[in-house]
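Participant: What follows is the residue order along each chain.
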Amino acid sequence: MAEKNEPLLEVRHLEKHFPVRRGLMRRTQGYVKAVDDVTLSFAKGETVGLVGESGCGKTTTGRSILRLIAPTSGEILFSSKELARDGEATRRVNVADLPDEDLRRLRRDMQIIFQDPYTSLDPRMAVADLVGEPLYVHGIARGSELRDRVESLLIAVGLSADHMQRFPHEFSGGQRQRIGIARALALRPQFIVADEPISALDVSIQAQVVTLLQDLQEEFDLTYLVVTHDLTVVRYMSDRVAVMYLGQIVEIAKSEELFEHPRHPYTEALLSAIPVPDPKTRVNQILLEGDVPSPLNPPSGCRFHTRCRYAKDICRKENPEFRAMGEEHYSACHFAETLPLKPFGKS
Amino acid sequence: MPLLDVHDLQVHFNTDAGVVRAVKGVSFSVERGKTLAVVGESGCGKSVTAMAIMRLVKAPGRIAGGKMLFSVDGTTTDLSALEPMGPEMRGIRGNQMAMIFQEPMTSLNPVHTIGHQIMEPIMLHQGLGKRAARTRAIEMLQAVGIPAAESRIDDYPHNLSGGMRQRVVIAMALSCNPSLIIADEPTTALDVTIQAQVLKLMNDLRERSGSSIVFITHDLGVVAQMADDVIVMYLGQIVEKANVEELFRDPQHPYTQGLMNSIPSMAIGKTERLEPIKGSVPNPLSLFQGCAFAERCPHVMDKCRAHEPPLKETSTGHLAACWL
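If you read the protein sequences in the order shown, they are chains A and B.
Here the first sequence stands for residues 1 to 347, numbered as in the numbering used here.
Here the second sequence stands for residues 348 to 671, numbered as in the numbering used here.
Derived by calculation from the structure, the hints in this document are not laboratory data.
Watch out, some of these pointers could steer you wrong.
[Stated by the list, open to error] Mimicking DSSO-like on lysine-lysine, the simulated pairs with C-alpha atoms at most 30 Å apart in a straight line are:
| no. | chain 1 | residue 1 | chain 2 | residue 2 |
| --- | --- | --- | --- | --- |
| 1 | B | Lys650 | A | Lys280 |
| 2 | B | Lys659 | B | Lys414 |
| 3 | A | Lys44 | A | Lys254 |
| 4 | B | Lys381 | A | Lys280 |
| 5 | A | Lys312 | B | Lys547 |
| 6 | B | Lys371 | B | Lys547 |
| 7 | B | Lys625 | B | Lys659 |
| 8 | B | Lys547 | A | Lys342 |
| 9 | A | Lys81 | A | Lys254 |
| 10 | A | Lys317 | A | Lys280 |
| 11 | B | Lys625 | B | Lys650 |
| 12 | A | Lys342 | A | Lys254 |
| 13 | A | Lys254 | A | Lys312 |
| 14 | B | Lys659 | A | Lys280 |
| 15 | B | Lys650 | B | Lys381 |
[Stated by the list, open to error] Between beta-carbon pairs, the in silico distance windows are:
| no. | chain 1 | residue 1 | chain 2 | residue 2 | range |
| --- | --- | --- | --- | --- | --- |
| 16 | B | Thr535 | A | Ala324 | 36 to 42 Å |
| 17 | A | His13 | B | Glu497 | 31 to 37 Å |
| 18 | B | Leu671 | A | His13 | 39 to 45 Å |
| 19 | A | Glu6 | B | Glu622 | 33 to 39 Å |
Using N, Cα and C, we set each Cβ at its ideal position, and we do this for glycine too.
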């Protein structure tokens with residue numbers, strides 16, 4: 001039995017290393033540590049945002065948690081309803097070392113919404129089959145019951161029963177994303193990874209999908225990991241936000257707290273780069289120069305020191321400890337306690 | 348006289364399913380040294396407008412009407428009257444007028460070095476020799492903030508990161524000192540940190556050179572940071588036009604208001620709910636009477652479905668096409 005207040009999902013020391021092979025013999029020349037010691041927990045019904053620049057490992061983290069990519073090491077502890085035995089409400093399992101058969105059943109508990117609704121739906125399948133496939137594969141419904149379930153799913157995501165026999169190309173981007181969401185919801189999962197769910201959509205449609213995800217969360221008691229590079233969306237959707245840089249989480253805090261009181265120079269720099277939609281607050285200061293260093297040879301010490309405007313000697317030598325700054329606020333910076341960092345919208 | 352005066356521009360695409368009127372009578376002007384932002388969603392005609400100004404609209408598209416008066420060095424040319432691939436237009440395009448595209452990987456040629464690609468317009472338009480063009484290309488790379496420009500000039504596009512590639516595209520666009528730069532979603536493919544660097548670079552370069560920028564984007568945050576004047580487009584038409592402070596202080600068209608209510612950073616925090624615009628952009632082939640936005644508008648009246656509202660001045664310099 002799950003203990004009270006135990007998080008739905010706990011990710012501990014998750015690592016994913018990709019070998020880099022070069023040359024004629026394809027010998028392994030080194031490893032890209034795409035995810036390097038990530039620890040993160042999710043309370044039931046919570047939305048956690050994961051942000052960072054391209055290549056920081058946020059997508060790999062999301063996919064490793066679902067074991068769509070096999071993690072190199074670490075634990076992913078999840079309270080599964082699906083794998084519960086007689087008399088149990090849930091069973092605590094380690095997703096990282098689950099046997100294949102259990103993993104397949106676990107998919108009913110954990111799902112993903114992909115970024116691009118143009119490539120994530122099979123163009124030759126009608127909507128009824130796209131949304132019904134998970135139900136069919138898991139042997140949950142057949143025939144007219146399947147039809148009814150698909151219909152109610154389509155209505156839940158704001159489409160209609162008339163859409164059942166249509167194909168993806170007949171829909172707009174926003175509608176396709178709704179189909180993808182219906183498909184993810186079909187198995188009544190507890191936990192959903194939304195990987196850049198609105199990046200490919202138009203502004204007015206983005207807001208529709210964001211509010212849909214919020215409504216569904218309430219209706220189905222969902223827990224979300226929202227992976228995105230869009231910080232304003234993350235602020236709006238998330239309870240807590242984790243900031244990732246070169247495979248590591250450098251700061252995590254409650255959403256408002258992170259935007260109002262950042263405790264890591266990288267967070268400050270990210271916040272300063274968001275274009276403020278107010279012509280009276282023109283930001284002319286660039287806090288972050290250059291690009292993300294190669295993850296193949298990450299910098300020594302604190303990985304951010306090469307771009308950090310506050311970097312001192314110690315930053316080049318020692319990796320800072322990820323430590324508590326306050327209630328549910330953690331930062332990995334040697335000077336997190338003392339630096340006068342600026343909140344969002346002020347610079 | 349403004350640098351560019353577009354009057355009643357119409358662009359049509361002849362397709363098997365009928366004529367798509369992508370741009371339906373759009374008028375605006377670009378002032379010297381100013382940035383005009385063109386805002387709208389996919390299919391609103393903002394990119395087609397840009398391509399029409401550059402005379403790069405390809406068949407089955409064609410300019411079906413209107414004038415585009417471009418005034419440089421005391422002479423005014425109607426771009427719409429020029430042969431798209433004729434000598435006059437080729438003398439203007441890339442020289443007095445240049446374009447920055449969204450996707451830096453697809454707007455650079457992968458088989459040529461970046462130096463080669465920056466030198467090409469310089470040699471063509473400025474008549475410089477190879478050596479002088481190379482020196483100028485290095486200067487341009489330095490101006491856009493590429494470190495070690497002397498060696499990077501011999502790199503191929505694949506050697507560079509996304510932000511660096513977009514800098515190269517900007518260097519290429521600026522190499523002949525154009526009076527008008529058209530930037531079509533130049534930062535959409537970039538990370539927010541790199542976007543901030545590129546936006547600052549464009550502002551700095553504009554201040555230094557006095558060029559004008561037409562900045563096409565769907566991001567109102569970017570508009571607020573970059574623009575002097577703004578036009579909002581919906582289904583091939585301008586629905587609102589104002590200077591940037593005025594537009595954000597008092598958006599008048601329900602579509603503009605809807606766009607502003609759709610961005611989370613304005614409705615701060617989780618407590619306030621976003622108010623999305625309902626529905627989606629209608630098929631451009633569908634013919635309808637009245638206001639194009641009527642079906643999605645929260646304030647729609649009978650009049651809106653019967654008659655198309657004209658773009659009229661609601662306060663000084665602020666125009667909106669709405670019956671309200």
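Participant: The structure should be examined with respect to each hint, and the outcome stated for every one.
Facilitator: Consistency of the hints with the structure:
Distance hint between Lys650/B and Lys280/A is unfulfilled; the C-alpha atoms sit about 36 Å from each other, more than 30 Å. A threshold of 30 Å between alpha carbons decides the hint, and for Lys659/B with Lys414/B the separation of about 20 Å falls inside it, so the pair holds. At roughly 16 Å between alpha-carbon atoms, Lys44/A and Lys254/A fall within 30 Å of each other, so this suggested pair holds. Taken as a hint, the Lys381/B and Lys280/A pair is honoured in the structure, with Cα atoms around 17 Å apart against an allowance of 30 Å.
Only pairs whose Cα atoms come within 30 Å are accepted, and Lys312/A paired with Lys547/B is accepted, the gap being roughly 27 Å. For the given pair, Lys371/B sits about 33 Å from Lys547/B by alpha-carbon distance, which is inconsistent with the 30 Å threshold. A hinted pair counts as satisfied when its Cα atoms are at most 30 Å apart, and Lys625/B with Lys659/B qualifies at roughly 25 Å. Taken as a hint, the Lys547/B and Lys342/A pair is honoured in the structure, with Cα atoms around 19 Å apart against an allowance of 30 Å.
Proposed proximity of Lys81/A and Lys254/A is supported: the alpha carbons are some 28 Å apart, at most 30 Å. About 42 Å separates the Cα atoms of Lys317/A and Lys280/A, which puts this hinted pair outside 30 Å; it is violated. Straight-line distance between C-alpha atoms of Lys625/B and Lys650/B comes to about 20 Å, which keeps the hinted pair within the 30 Å bound. In summary, the hint linking Lys342/A to Lys254/A is supported, as the alpha carbons are separated by about 17 Å, within the 30 Å threshold.
In summary, the hint linking Lys254/A to Lys312/A is supported, as the alpha carbons are separated by about 28 Å, within the 30 Å threshold. For the proposed pair Lys659/B and Lys280/A, the alpha carbon gap of about 26 Å is at most 30 Å, so the pair holds. Distance restraint check for Lys650/B and Lys381/B: the Cα-Cα separation of roughly 37 Å exceeds the 30 Å cut-off, and the hinted pair is therefore not satisfied. The beta-carbon spacing between Thr535/B and Ala324/A, approximately 38 Å, falls within the hinted interval of 36 to 42 Å.
As the Cβ distance of His13/A to Glu497/B is approximately 45 Å, the hint placing it in 31 to 37 Å is violated. A C-beta distance of roughly 58 Å is found between Leu671/B and His13/A, which places it outside the suggested range of 39 to 45 Å. Taken as a hint, the range 33 to 39 Å holds for the pair Glu6/A and Glu622/B, whose Cβ atoms sit roughly 37 Å apart.
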